[in-house]
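Chemist: Chains as they are written, first to last, in the numbering used here: chain A, 1 to 379; chain B, 1 to 379.
These aren't lab readings, by the way, just hints derived from the structure by calculation. No residue lacks a Cβ here, since even glycine has one placed at the ideal position from N, Cα and C. A portion of the hints provided could be inaccurate.
[Stated by the list, open to error] Which stretches of chain A does chain B cover? Using the computed rule of at least three CB atoms under 8 Å from a CB of chain B, they are:
#, segment
1, 20–27
2, 35–45
3, 163–172
4, 278–291
5, 323–334
[Stated by the list, open to error] Some chain B residues well away from chain A (every beta-carbon gap over 10 Å; in silico):
#, residue
6, ASN54
7, ALA183
8, ASP367
[Stated by the list, open to error] Using C-beta positions, here's what the derived DEER-type ranges look like:
#, chain 1, residue 1, chain 2, residue 2, range
9, A, GLU225, B, PRO318, 45 to 55 Å
10, A, GLU225, B, GLU379, 34 to 44 Å
11, A, ARG59, B, LYS344, 34 to 44 Å
12, A, GLU222, B, ILE113, 31 to 41 Å
13, B, ASP66, A, CYS117, 50 to 60 Å
14, B, ASP66, A, ASP342, 43 to 53 Å
15, A, TYR317, B, LEU55, 35 to 45 Å
16, A, GLU379, B, ASP66, 21 to 31 Å
17, B, ARG347, A, CYS117, 50 to 60 Å
For reference, the chains in residue letters:
Number of protein chains: 2
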Amino acid sequence: MTYPIVGMVGGGQLARMTHQAAIPLGVRFRVLASAPDESAAQVVGDAFLGDEANLDDLRDFARSCDVVTFDHEQVPTAFLRALEAEDVVVRPGPDALVHAQDKGVMRERLAAIGVPCPRNRIVADPADVAAFAEEVGGWPVVLKTTRGGYDGKGVWVVRDAAGAEAPFRAGVPVLAEEKVDFARELAACVVRSPHGQAVAYPVVESIQVDGICHEVIAPAPELSEDRAVEAQRIALTIAGELGVTGHLAVELFETRDGRILVNELAMRPHNSGHWTIDGAVTSQFENHLRAVLDLPLGDPRARAKWTVMVNVLGGDYPDMYHAYLHVMARDPGVKVHMYGKDVKPGRKVGHVTVCGDDLDDVRARADHAAAYLRGSITE
Amino acid sequence: MTYPIVGMVGGGQLARMTHQAAIPLGVRFRVLASAPDESAAQVVGDAFLGDEANLDDLRDFARSCDVVTFDHEQVPTAFLRALEAEDVVVRPGPDALVHAQDKGVMRERLAAIGVPCPRNRIVADPADVAAFAEEVGGWPVVLKTTRGGYDGKGVWVVRDAAGAEAPFRAGVPVLAEEKVDFARELAACVVRSPHGQAVAYPVVESIQVDGICHEVIAPAPELSEDRAVEAQRIALTIAGELGVTGHLAVELFETRDGRILVNELAMRPHNSGHWTIDGAVTSQFENHLRAVLDLPLGDPRARAKWTVMVNVLGGDYPDMYHAYLHVMARDPGVKVHMYGKDVKPGRKVGHVTVCGDDLDDVRARADHAAAYLRGSITE
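With these hints in hand, go ahead and build the complete structure from the sequences.
Modeler: The following block contains the structure:
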């Protein structure tokens, strides 16, 4: 066989959906998973069980692959440097990936390359947070642990110095950011290959509930062409300047006074790009694979006027399969994507996608399907 | 887990693509394959190695699944009846499947339900073939072994009694059919579920070269609405009358004098439906899974004005992966589907799909990509 082996570290739903994209490409796809019942390990023919926090396991896995990539950003930079020193091809590489792992490094670098961000600085203690609040015009301020946060974890909105103590208990540096008065959240997703080709997906609107992505609308409604191009340019600049290979999601604030500010980065397929499986000519997963293999990238354009993705979170009702009967009979056009994960309240266990011409209709259909699967509505 | 396990007998590309469709549905998918390097066994997490021609292996596999289905029609009817007697759920069941396994049984049944077919009858020997030729107005006539043929194998076009000897050597009954003066070949694909719901895909034109499908155009160009509805009705009638569960492909002749005649049946996902992966709201693979699980069926409508699928056959050049560089750089919109099979001349090793508004452009792009992958063109 002349087809290369792509190894993805992590066995979550992103690896699962990347496997789905790897099948038609004919490339070999292997995951490093911690257990056989992990989301991706259930479906990937070539699941390698091991502990990614153990350098020996990671090395054994990496040596069996032509290129190594990731379904999350938790692998320590030192491990990735060790692999690179042994001629493992790591994409994105540690020099890029650190910006998605450490929010302090990310903010410093984005400032250096002139990308607009909320005002921010590392803070030493609650008193320093109070000083920062004064610098940016008052409370509340946002505190983030520089490492280890995701889906709303590791983020605090604090209203006074007394409330600013919890973030310091994790023992990692804490970043303070101004609380941006945003009109909405956007995401600009791009994919960049080692030889420098890049493609930009349509800019989407992302609606969060309790810090977790609830809904993504592609393209972002009523976003001006200028604003969309500005958001795509920001993402392409970051990808190029940081040397990203693969998919880069740039989460953005659109402020009430008309500015675009960078909130977070993710260097891997991302929830804000799940709509592309059904809604774009080339999905984020396929383009991530093409990029890490240094193949020419696929067309990122939308296939429908509107595509809406709604996450399915775990609710109180564990049997989502039974709910298929109603959801599929009611709407033969809804695309269901389940991740093979046990249902736990608030856990992302799947998503649904609907494409169409009428945004209100498309949103209502996607919302209904997700809510019914969760069990929060019963008709 | 409350998700059912679907078992597919056979490890070819149809099982591989069904796996791809099973991932988002969240259902468990298992294949019975003969070797770990078979097309589907490479990618399916849950590949069961065994010999489908051995009833014990088949039974062990089937008992581990909630429903059993097929990526080909080679499993003996007696084995399927044995499984059903042991309460295995087999879809399609042996009473339906026999019509896709035995062309003699199929022709007799289609005549009984009034579906138009080429004139045909079982023939005893070359002299009887000559008699049949006289009955239908002269040579040539088409001879087919009633069992075991596919992709042009088991089919002969004979011009005299002397040329009619080969088909009888296989030791199975031989069916003679008039050589239809067809304008083109069409395919009508439908999916039917156990509770009787059915959906019909747009009727496609299928272009064969040397008895092997080369290209499928969806929808069939310049097919009148009446003719399309007639073809869909024929397929729905067959599915209902024969009790098909799952995907049914009905290969049709459109004659020069304006009739639609049934050529062949396949009760599984079929090459004439590969275009649906990229070109329809719900692919044939997803709808086959939904049907065998008795879930409501998905929308079969096309997503683009035109979708063209061209098969990639093995050529003289074994390294198709290297050809990706040119194919993907030249056309970021072409969808490549490779099956993980070693390249052998004439073997189906993949397909490409292009969607768009201009049929000539779409056909040219798909043809170019397939020819370049095969190695029959170099620029």
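Chemist: Give me the numbers of the hints this structure contradicts, sorted from smallest to largest.
Modeler: 3, 12 and 14
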